[in-house]
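Given chain H, put chain B in place with the hints provided.
Taken in sequence, the protein lines are chains H and B. Going by the working numbering, the first sequence opens with residue 1, and the numbers climb by one from there. Going by the working numbering, the second sequence opens with residue 1, and the numbers climb by one from there.
Bear in mind the hints are in silico, worked out from the structure with no lab data behind them. Misleading hints may appear alongside valid ones.
The list treats identical chains as one, so a pair stands whether inside a single copy or across any two.
[What the hints assert, rightly or not] In silico BS3-like cross-links for lysine-lysine, where the CA-CA straight-line distance does not exceed 27 Å:
{"hint": "1", "residue 1": "89", "residue 2": "29"}
{"hint": "2", "residue 1": "29", "residue 2": "3"}
{"hint": "3", "residue 1": "89", "residue 2": "3"}
{"hint": "4", "residue 1": "3", "residue 2": "21"}
Values in this document were obtained by computation on a predicted structure and should not be read as measured data.
Listed below are the residues making up each chain.
2 protein chains.
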Amino acid sequence: MSKDRMRYDLLMQDAFRSVVKAALVRVAKEGLPGNHHFYISFRTDADGVDISQMLRSQYPEEMTIVLQHQFWGLSIDDEGFSIGLSFNKTPQTLRIPFHALTQFHDPAVQFLLPFQPNASVPAARLADVPSIKKPPEPGARSEASDNVERLAGPGPKAVKPEKPEPPTKGDGSVVSLDQFRKK
Amino acid sequence: MSKDRMRYDLLMQDAFRSVVKAALVRVAKEGLPGNHHFYISFRTDADGVDISQMLRSQYPEEMTIVLQHQFWGLSIDDEGFSIGLSFNKTPQTLRIPFHALTQFHDPAVQFLLPFQPNASVPAARLADVPSIKKPPEPGARSEASDNVERLAGPGPKAVKPEKPEPPTKGDGSVVSLDQFRKK
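So here's chain H without its partners, still in its complex pose (with noise of 0.2 Å):
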């Protein structure tokens, strides 16, 4: 097969991207809708991330943040939006970049998208995007606070959220950009 010199991995994270920025937009004007809620995670790492430095320090390379009774404060814009939220009763306000952009979900309808922060080595090939996050033990239950979700460990990869519904790669439920493709 041809070397993509199209770089659809590059144009897809781009849309996936844009879904959530839809999303995001929708909630902000009318609220979450029905039992819909958002899991979205993201490298703290990344360009543009502003958070204070007590969530950088807990979570230095990636964070998930839980949009679903309290937030506050929702912008959106081309490049990222901003966001209210609460830990451990503190009020914060966090700026999230699209391009930090790791995962987002919303388990009333088990839809996920994965992505590929800063997706724009020019070397990089669809084929090495990983897809799949690493789906938590059965049982196992992070000590989560109230808009967050721990991290496991060091890794990027190990999210366990609080409520864990995770999509497993047998069932269809997640896309991984290889599916876009013939191998």
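Same frame as chain H, now just chain B:
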């Protein structure tokens, strides 16, 4: 599972259309890189499609154009694109809105995006989105003119490309919108 009130199906369709748009914008600027070429299928009966009466009568429901060797005047805007193609040695200009797209396929890297044209029916569910085109029968060849792939019949889903390299569902080459959901 809850009803999808976020309408991720529609958000994903918009996102896929943005991928096609970005690919066309790049090709308009730089030409087709390497071996890349596009098979673009669209509903000829969709609003905003501007094609000759000849093409319309020949392809009353759907047609597939090929962007490879001969095309000109490719221009893209937010709603769609215009392109000059030759049909039986006759130059024609086609206007195709993005909402009319049914499939985008780049055989060079087997990248394929399926669309549900005019996906705006409120009652539609992601699970209802037709995801995979029926692949051509082995050895089936269409009577193709310069830049068009003839439909096998009046049905909109029986595209028979001149060079059938159809991805099949089993090998993970084509995404179904269902793949973003847990069953």
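Non-conforming hints, listed in increasing numerical order
3
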